[in-house]
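A.B. asks: Sequence:
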Amino acid sequence: MSRYRVSGSALARWRASPSESPADGGDERRSEKRRGVSLNWGKALDTSDRFLCDCLVLNRSHGGARLRLARKLALPTSFHFFDDAEAALFAGSVVWRQGDIVGCRLTLEPLHGKEEAVKRMSGRYYAL
Numbered sequence: 316m317s318r319y320r321v322s323g324s325a326l327a328r329w330r331a332s333p334s335e336s337p338a339d340g341g342d343e344r345r346s347e348k349r350r351g352v353s354l355n356w357g358k359a360l361d362t363s364d365r366f367l368c369d370c371l372v373l374n375r376s377h378g379g380a381r382l383r384l385a386r387k388l389a390l391p392t393s394f395h396f397f398d399d400a401e402a403a404l405f406a407g408s409v410v411w412r413q414g415d416i417v418g419c420r421l422t423l424e425p426l427h428g429k430e431e432a433v434k435r436m437s438g439r440y441y442a443l
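Each residue of the sequence shown is one higher than the one before, starting from 316 at the first, in the numbering used here.
Incorrect hints may appear among the rest.
To be verified - The calculated EDC-like cross-link candidates involving lysine to aspartate or glutamate, where the alpha carbons are at most 20 Å apart (straight line), are:
1) Lys-434 - Asp-415
2) Lys-434 - Glu-401
3) Lys-434 - Asp-399
4) Lys-434 - Asp-361
5) Lys-429 - Glu-401
6) Lys-387 - Glu-430
7) Lys-429 - Asp-369
8) Lys-387 - Glu-424
9) Lys-434 - Asp-364
10) Lys-429 - Asp-399
11) Lys-434 - Asp-369
12) Lys-387 - Asp-369
13) Lys-387 - Asp-361
14) Lys-387 - Glu-431
15) Lys-434 - Glu-424
16) Lys-434 - Asp-398
Treat the hints as calculated values from the structure; they're not laboratory data.
As the structure is a prediction and not an experimental result, all values here were calculated from the model.
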């Protein structure tokens, strides 16, 4: 039994803290400032729009995101990212990875012609 008690919401804020960084205080190299998000979720898909895993969006910048993968997965270098909050599909590329946390670049505009994939990922049984 743990000697420390942490409420669920405090733990969620700690886990999604924007102060986490892959380089532990290393140089800031992103072109746009990050903005924190409050427990937004998304989905990683391969470039054929097949579901790979759920992702917690730790923070977003104008052209990228920091994601915590819901399971151990060798995320392909090029992938698609479905943002649940925006109900939109973006092309992504992995920039760095540290354990289950991935830093990626995302296209500025959602992908066009992907209405079927967006509809499927927005539905209840998206992983089937």
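A.B. asks: For each hint given before, does the structure comply? Return the numbers of the non-compliant ones in rising order.
C.D. replies: 1, 6, 8, 14
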